[in-house]
Each structure stands twice: as structure tokens, then as C-alpha cells.
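Asks: Protein sequences appear in the order of chains A and B. The first sequence runs 7 to 98 under the numbering used here. The second sequence runs 21 to 529 under the numbering used here.
Think of the hints as simulated: they come from the structure by calculation, not from any bench. There may be inaccurate statements among the hints.
To be verified - Computed list of lysine-lysine pairs in DSBU-like fashion (alpha-carbon distance at most 35 angstroms, straight line):
| # | chain 1 | residue 1 | chain 2 | residue 2 |
| --- | --- | --- | --- | --- |
| 1 | B | K89 | A | K56 |
| 2 | A | K11 | B | K29 |
| 3 | B | K81 | A | K56 |
| 4 | B | K89 | A | K11 |
| 5 | B | K334 | A | K11 |
| 6 | A | K11 | B | K346 |
| 7 | B | K63 | A | K11 |
| 8 | B | K25 | A | K46 |
| 9 | B | K382 | A | K56 |
| 10 | A | K56 | B | K56 |
| 11 | A | K46 | B | K346 |
| 12 | B | K346 | A | K63 |
| 13 | A | K63 | B | K31 |
| 14 | B | K56 | B | K31 |
| 15 | A | K46 | B | K337 |
| 16 | A | K11 | B | K337 |
| 17 | B | K61 | A | K11 |
| 18 | B | K56 | B | K25 |
| 19 | A | K11 | B | K67 |
| 20 | A | K46 | B | K67 |
| 21 | B | K346 | A | K56 |
| 22 | B | K67 | B | K81 |
| 23 | B | K499 | A | K11 |
| 24 | B | K61 | A | K46 |
| 25 | A | K63 | B | K63 |
| 26 | A | K46 | B | K334 |
| 27 | B | K81 | A | K11 |
| 28 | B | K67 | A | K56 |
| 29 | A | K56 | B | K334 |
| 30 | A | K56 | B | K31 |
| 31 | B | K56 | A | K46 |
| 32 | B | K29 | A | K46 |
| 33 | A | K63 | B | K81 |
| 34 | B | K89 | B | K61 |
| 35 | B | K446 | B | K382 |
| 36 | B | K31 | B | K61 |
| 37 | A | K11 | A | K56 |
| 38 | A | K46 | B | K81 |
| 39 | B | K446 | A | K11 |
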Amino acid sequence: MSRDKVFIAFQTNEDSRPIVEAILEDNPEATVDEQPAMVKILAPGRLVVKRSTIEDKIGRDFVLQSIHINLISLAGNISEDEDEFVLAWHQA
Amino acid sequence: MAQKKLGLKEKYQLMTRGLDWETTYQPMDKVFPYDKYEGIKIKDWDKWEDPFRLTMDAYWKYQAEKERKLYAILDSFSQNNGQLNISDARYLTALKIWMQGITPAEYNSHRGFCMVGRQFRGAGARVACQMQALDELRHAQTQIHAFSHYNKHFGGFHQAMHMRDRAWYLSIPKSFFEDAMTAGPFEFVTSISFAFEYVLTNLLFMPFVSGAAYNGDMATTTFGFSAQSDESRHMTLGLEVVKFVLEQHEDNVPIMQRYIDKWFWRGYRLLALVGVMMDYMLPRKVMSWAEAWGIYWEENGTALFNDLARYGIKPPKYHEIATAEKNHITHQAWTVFYTACPATAFHAWLPQEYELDWLSEKYGSTFDRYYRPRFAEFARIEREGGRFYTNRLPLVCQTCQVPDFFTEVDNPMKQSIRQYEWQGMKYNFCSDGCRDIFAHEPEKFCQAYIPPQQIYQGNAGGARTLPEYAAWLKCEFGKDSGEYYTSEDYARWKAMHGGNDTTPSSAAA
Chain A
7 MSRDKVFIAF
17 QTNEDSRPIV
27 EAILEDNPEA
37 TVDEQPAMVK
47 ILAPGRLVVK
57 RSTIEDKIGR
67 DFVLQSIHIN
77 LISLAGNISE
87 DEDEFVLAWH
97 QA
Chain B
21 MAQKKLGLKE
31 KYQLMTRGLD
41 WETTYQPMDK
51 VFPYDKYEGI
61 KIKDWDKWED
71 PFRLTMDAYW
81 KYQAEKERKL
91 YAILDSFSQN
101 NGQLNISDAR
111 YLTALKIWMQ
121 GITPAEYNSH
131 RGFCMVGRQF
141 RGAGARVACQ
151 MQALDELRHA
161 QTQIHAFSHY
171 NKHFGGFHQA
181 MHMRDRAWYL
191 SIPKSFFEDA
201 MTAGPFEFVT
211 SISFAFEYVL
221 TNLLFMPFVS
231 GAAYNGDMAT
241 TTFGFSAQSD
251 ESRHMTLGLE
261 VVKFVLEQHE
271 DNVPIMQRYI
281 DKWFWRGYRL
291 LALVGVMMDY
301 MLPRKVMSWA
311 EAWGIYWEEN
321 GTALFNDLAR
331 YGIKPPKYHE
341 IATAEKNHIT
351 HQAWTVFYTA
361 CPATAFHAWL
371 PQEYELDWLS
381 EKYGSTFDRY
391 YRPRFAEFAR
401 IEREGGRFYT
411 NRLPLVCQTC
421 QVPDFFTEVD
431 NPMKQSIRQY
441 EWQGMKYNFC
451 SDGCRDIFAH
461 EPEKFCQAYI
471 PPQQIYQGNA
481 GGARTLPEYA
491 AWLKCEFGKD
501 SGEYYTSEDY
511 ARWKAMHGGN
521 DTTPSSAAA
């Protein structure tokens with residue numbers, strides 16, 4: 007697996023807070039970079055956003071696609087279904 | 021028995037596929053006349069995979085939610101006189117350049133995606149491009165709304181569309197987008213979605229919108245982050261189209277490499293406007309252009325091209341030149357803006373002492389040696405009651421149309437200039453990158469509208485003086501243009517702040 011960094015960045019607000027927490031929980035090698043009004047999470051090679059972890063944190067159902075509302079930017083190839091949103095780099 | 025709900029992938033497949041057909045009343049090549057002439061070979065359009073599986077109902081829902089949030093903030097900004105909270109009114113030069121240079125480009129991008137949204141033979145590609153066409157129109161509109169409040173109080177925001185087609189410095193973004201719009205559909209998507217919106221977008225939005233946040237500009241910050249989430253879809257469209265095309269046929273690899281080389285270079289030259297914004301127009305600094313280039317090209321770009329290496333794609337030609345120039349181009353560009361601002365629709369000024377110190381720190385290898393002495397000389401002239409202006413039109417590059425302030429990477433005291441003769445005419449370029457682009461398509465680029473040449477030929481409404489030129493741009497000479505510290509904007513800013521100019525004393529927010 008590539009070790010180049012993938013990242014995902016959200017607007018800093020109360021809606022994105024549990025999403026960021028979920029990502030950090032599910033991705034042990036992830037790091038956080040806080041910028042004005044924006045929070046960026048980086049990970050080597052692969053990062054997964056899991057609906058179930060977010061739902062645990064907010065105590066209600068969550069549609070994973072609704073991360074679009076606060077999403078700012080990302081890097082990596084995307085693989086998406088209802089349960090997981092994955093960013094990854096592939097190697098030659 | 022309850023019907024099992026469709027999964028995201030199945031729902032997307034059903035709602036966006038199988039609705040097209042092989043035409044019988046006209047041959048497919050007549051219905052889609054533009055998607056083969058570039059030489060790109062597509063064996064199977066069904067292999068197109070949408071990175072985001074947004075159906076129209078999801079699109080409307082999330083976009084509407086984003087608009088509700090955005091316009092609530094824009095209303096609040098307007099109602100609460102948000103313009104009072106920016107660090108100081110010098111910052112607005114950055115927004116004027118945005119409104120004049122980028123907002124019309126968003127509209128051009130919208131038109132371009134409308135075109136490719138019709139021209140691609142594959143339904144998946146058409147759907148993705150049509151959604152992007154909507155997004156780009158949204159960006160043009162939301163930018164106009166975000167900046168409209170500033171238009172009530174400051175100059176330079178009032179005639180962006182008109183100016184964009186005429187002003188010499190705005191032909192940089194104008195020619196960029198028109199080059200893309202007049203290319204084939206595969207080149208268009210590679211140029212905009214991939215090169216501009218994937219490889220290079222973060223260099224515009226991330227540092228600059230953070231710059232807006234650091235300088236108290238709530239409207240632009242909010243607009244920027246709201247638009248950037250649309251950009252995340254655009255980025256992935258760009259990456260997907262490149263991967264799809266490369267996987268379809270090995271003959272596509274050299275064509276795509278050429279597009280990537282060309283559009284990286286054109287995009288990089290366009291971003292000189294962003295670099296100079298970051299280093300010189302933000303009273304409170306975020307990071308330097310050199311730092312941003314280090315993160316968003318040298319690190320991020322490396323990761324991207326490591327990924328694409330499996331297709332036989334190499335990093336873009338001349339990217340090492342772009343990296344080598346990172347400690348020079350912003351200082352060179354600001355010299356042009358400082359000395360030519362009477363012929364523009366924005367203001368320029370000499371950096372304050374705290375900014376010169378910040379630049380010396382950020383550009384340790386170049387600023388004190390090559391550029392701080394130049395600004396010290398301009399400052400000496402100002403102290404003696406003068407003001408240095410160029411009073412000449414610049415030579416601009418035939419391809420990128422940036423004034424040729426660039427220097428050789430191994431000699432910052434030597435102008436970087438290249439020439440190419442074609443059909444008895446001599447064309448001038450800032451670099452090998454731009455000359456290569458011309459050399460590949462001379463019939464296209466010999467037709468470029470070069471503003472300094474057109475002005476001299478009398479085609480700028482016959483203008484022979486700066487006030488006449490300003491009038492032709494629908495600007496007021498001296499009000500929308502020129503030195504900041506003698507401008508109406510500055511006077512108004514001080515009046516809004518009890519006679520104080522609020523210049524920060526340090527670069528930190």
C-alpha cells in the first residue's frame with residue numbers, strides 16, 4: 007500500500023465535529039491539522055469514514071453522503087457506499 | 021413483505037444508466053461529432069465509474085442545504101456591516117482580482133461543461149459534466165453575491181464581466197479558459213477538472229480562503245469553503261476521467277501526457293496571480309507562496325503522480341522550473357502591480373515594514389538579496405514625494421499572457437524570454453513551457469488577443485491615455501485604480517474607523 011498521504015478536510019462546526027472524531031477513531035495513523043474555519047485529517051495511504059462510528063457518536067441515524075454539506079476538499083481515489091467512504095492511493 | 025431498499029451503487033446505476041441509446045435516425049458519430057477528433061480511443065464507455073454516486077435528488081438536497089447556510093451568512097454579513105471587520109482595506113485588492121479574474125472564469129467554466137456535457141458519447145461522463153456545469157454557475161453566482169456587499173462601499177467590483185474581456189491583466193485568466201473551451205472535450209476536462217481543479221485547486225482555495233479567514237472576511241471564507249465542497253466532486257471527476265481514458269487504450273497515454281504537461285504549465289502561470297495575492301495582498305499572512313507550493317505541489321502532487329505512474333504517466337514537464345521559481349515570482353509580480361496599478365481596476369502599495377520582515381524570513385534565499393533593495397528604492401522615491409510608475413505597456417507572453425517578468429532559474433538578473441518564428445512572424449514567450457504549447461498548435465495561438473498589442477493598434481476603444489483606457493474598461497481612473505494610500509478606498513476605510521487606518525503591526529492574525 008502506498009504511504010503517500012491522503013486527506014479529507016471539513017468546515018469547523020458542530021456538525022463536522024463527530025465526523026472528525028469518528029475518523030480519528032477508525033484510522034489510528036491519522037493526524038489532525040487545524041486551520042482557520044477548517045479541520046484537515048491526513049493519513050498515510052488510506053482513510054475510511056464509517057457511518058456506524060458517526061452514528062454511535064451522534065446517537066441517531068446518519069446518511070453518509072451528507073458529509074458533502076461540510077466537506078471542503080480531499081485527496082486520494084474514492085470508493086463510496088452507504089456504509090463507508092474510503093480515500094486511498096494505489097501504488098504502481 | 022417490505023421491499024429491500026436499493027443500495028447506493030444499485031440506485032445510482034438505475035437512475036443514471038440505461039437512459040441513453042444507440043441512435044438509428046442518425047449515426048452516432050454525427051450525434052457526437054467532437055469526441056473522436058483528438059485521437060482519444062474509448063473502447064467501452066460503460067467502464068466509466070462515478071467517484072461520487074450523487075443522484076439528482078441527493079444533489080439538490082445537499083446543494084440546497086449548502087445554499088441555505090451560505091446565504092444566511094451572507095445576509096448576516098451584509099446586515100451587520102461585515103466589511104468593517106476586515107484587517108484593512110488593502111486586502112480588498114485580492115477580492116477585486118478575484119471578482120474580475122475568477123468569477124467570469126467560473127461562468128466560462130459553466131459554459132464549457134455545458135458543451136462537454138453534450139459532446140461526450142458516454143452517459144456517465146455527460147451526467148457528471150452536466151452536474152459540474154450547474155456547480156460552476158453556482159460558483160459564479162455565489163461569488164457575485166459574496167462580493168456584492170463590498171461593491172456598496174469600495175471601487176473595482178462593479179463591472180467584472182465587462183472588464184474581464186478587455187483589461188490587459190485579465191487576459192491571463194480569460195485566455196486560459198478560452199483556450200480550454202476551444203479545445204476538444206477530452207482536453208477540456210483534463211485542463212479544467214484534472215489540471216486546474218485537482219492538481220492545482222488547493223493552491224487557490226486552501227491558502228487563499230484561509231487568508232480570507234485570517235483577515236476577517238467572513239463572506240469570502242464562507243463562500244470559499246461552500247464552493248470547495250463542490251470542488252471535491254470536480255476533483256474526483258478530473259481524476260476519474262484521466263484514469264478512465266488511460267485505462268481504455270494505450271494510445272491515449274501520450275495524448276493525455278501532452279494535455280497534462282500543457283495544462284499544468286498554463287495553470288501554474290495563472291497561479292502567479294494567487295501567489296502574489298498570498299504574499300502581498302493579505303495584511304495578515306497565512307503562509308507564503310513558497311510554503312503553499314511546497315505542501316500542495318511538492319508533497320501532494322508527488323503523491324498523485326506516484327499513483328498515476330502505473331499508467332505510464334510522468335510528472336508534468338517543467339514542474340522542476342515551477343518549483344525553482346517559487347522564491348521569485350511573487351516579488352516580481354508585485355513589482356508589476358505596484359508600478360502598473362494606474363492601468364488596472366485595483367490598488368497597490370509598498371509593503372509595510374512588518375511585511376518586509378515577514379518576506380525576508382519566508383524567502384531567506386532570495387528576498388533580501390534581490391527584492392528588498394528594490395522596494396527600498398521605491399520607498400525612497402515615495403519619501404521624496406514621488407511615486408514610481410512604469411508608464412509603458414509590458415511585453416506579455418503569447419501563450420500565458422502574463423507580462424514577462426520571469427527570470428532564468430539559474431540567474432535571477434536575466435529575463436526569461438523565448439521566441440518562435442512561424443509564417444514570417446516572431447512570437448515571444450516567457451518560458452520553454454509556453455513556447456512548447458505554441459509550437460504544438462501555432463494556428464490556434466497565433467490568434468491570441470494580446471491586450472498591449474491591441475491597445476497600441478487602437479482597438480481599446482481608441483484609448484491613448486490612461487483615463488481613456490479606464491473609461492473603456494468602465495472604470496474611473498484614480499478611483500478604481502492606482503496607489504492605495506491616496507485612494508478613495510483608503511479614505512473611506514479610515515472614515516469608517518474613526519480616522520484610523522487599522523494597518524496591523526505584525527503578520528500574525
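Asks: If a hint holds in the structure, say so; if it doesn't, say that too.
Replies: These are the hints, each one checked on the structure:
Straight-line distance between C-alpha atoms of B:K89 and A:K56 comes to about 25 angstroms, which keeps the hinted pair within the 35 angstroms bound. Taking the CA atoms of A:K11 and B:K29, the gap is near 27 angstroms; set against the 35 angstroms cutoff, the hint holds. The suggested pairing of B:K81 with A:K56 holds, with an alpha-carbon distance near 21 angstroms, which does not exceed 35 angstroms. With a C-alpha separation of about 31 angstroms, the suggested pair B:K89 and A:K11 falls inside the 35 angstroms cut-off, and the hint holds.
For the given pair, B:K334 sits about 19 angstroms from A:K11 by alpha-carbon distance, which is consistent with the 35 angstroms threshold. The hinted pair formed by A:K11 and B:K346 meets the criterion: a straight-line CA distance of about 23 angstroms does not exceed 35 angstroms. Simply put, B:K63 and A:K11 have alpha-carbon atoms about 33 angstroms apart, close enough for the 35 angstroms limit, and the pair holds. Taking the CA atoms of B:K25 and A:K46, the gap is about 33 angstroms. The hint holds against a cut of 35 angstroms.
As the CA atoms of B:K382 and A:K56 are separated by approximately 40 angstroms, the hinted pair breaks the 35 angstroms bound. As the CA atoms of A:K56 and B:K56 are separated by approximately 41 angstroms, the hinted pair breaks the 35 angstroms bound. A C-alpha spacing of about 24 angstroms is found between A:K46 and B:K346, which places the hinted pair at or below 35 angstroms, so the restraint holds. Under the criterion of a C-alpha separation no larger than 35 angstroms, the hint pairing B:K346 with A:K63 is inconsistent with the structure, at around 44 angstroms.
A threshold of 35 angstroms between alpha carbons decides the hint, and for A:K63 with B:K31 the separation of about 28 angstroms falls inside it, so the pair holds. Between B:K56 and B:K31 the CA atoms are separated by roughly 31 angstroms; this keeps the pair inside 35 angstroms, and the hint holds. Distance hint between A:K46 and B:K337 is fulfilled; the C-alpha atoms sit about 30 angstroms from each other, no more than 35 angstroms. A C-alpha spacing of about 23 angstroms is found between A:K11 and B:K337, which places the hinted pair at or below 35 angstroms, so the restraint holds.
With a C-alpha separation of about 32 angstroms, the suggested pairing of B:K61 with A:K11 holds against the 35 angstroms cut-off. Restraint check for B:K56 and B:K25: the C-alpha separation of about 40 angstroms exceeds 35 angstroms, so the hint is violated. In summary, the hint linking A:K11 to B:K67 is supported, as the alpha carbons are separated by about 27 angstroms, within the 35 angstroms threshold. A hinted pair counts as satisfied when its Cα atoms are at most 35 angstroms apart, and A:K46 with B:K67 qualifies at roughly 32 angstroms.
With a CA separation close to 39 angstroms, the supplied pair B:K346 and A:K56 exceeds the 35 angstroms bound. Of the pairs offered as hints, the one joining B:K67 and B:K81 holds, with about 28 angstroms between alpha carbons and a cut-off of 35 angstroms not exceeded. For the hint linking B:K499 to A:K11, the alpha-carbon distance of about 47 angstroms lies beyond 35 angstroms, and the restraint is violated. In summary, the hint linking B:K61 to A:K46 is not supported, as the alpha carbons are separated by about 38 angstroms, beyond the 35 angstroms threshold.
Restraint check for A:K63 and B:K63: not satisfied, since their Cα atoms lie roughly 46 angstroms apart, outside the 35 angstroms limit. Restraint check for A:K46 and B:K334: satisfied, since their Cα atoms lie roughly 28 angstroms apart, inside the 35 angstroms limit. The hinted pair formed by B:K81 and A:K11 meets the criterion: a straight-line CA distance of about 31 angstroms does not exceed 35 angstroms. With a C-alpha separation of about 27 angstroms, the suggested pair B:K67 and A:K56 falls inside the 35 angstroms cut-off, and the hint holds.
At most 35 angstroms may separate the alpha-carbon atoms for a hinted pair to count; A:K56 and B:K334 meet this at roughly 34 angstroms. Restraint check for A:K56 and B:K31: satisfied, since their Cα atoms lie roughly 20 angstroms apart, inside the 35 angstroms limit. A C-alpha spacing of about 40 angstroms is found between B:K56 and A:K46, which places the hinted pair above 35 angstroms, so the restraint is violated. Of the supplied pair hints, the one linking B:K29 and A:K46 holds, its CA atoms being roughly 27 angstroms apart against a limit of 35 angstroms.
Proximity of A:K63 to B:K81 is assessed by CA-CA distance (about 24 angstroms); at most 35 angstroms being required, the pair is judged to hold. Pair hint B:K89 plus B:K61 does not hold up; C-alpha atoms about 43 angstroms apart against a cutoff of 35 angstroms. Between B:K446 and B:K382 the alpha-carbon distance is near 39 angstroms, which puts this suggested pair outside the 35 angstroms criterion. Only pairs whose Cα atoms come within 35 angstroms are accepted, and B:K31 paired with B:K61 is accepted, the gap being roughly 29 angstroms.
Annotation: proposed proximity of A:K11 to A:K56 holds, straight-line Cα distance about 19 angstroms (limit 35 angstroms). A C-alpha spacing of about 25 angstroms is found between A:K46 and B:K81, which places the hinted pair at or below 35 angstroms, so the restraint holds. This hinted pair does not check out: B:K446 and A:K11 have alpha carbons roughly 46 angstroms apart, beyond 35 angstroms.
Violated hints, listed in ascending order, are 9, 10, 12, 18, 21, 23, 24, 25, 31, 34, 35 and 39; each of the other numbered hints is respected by the structure.
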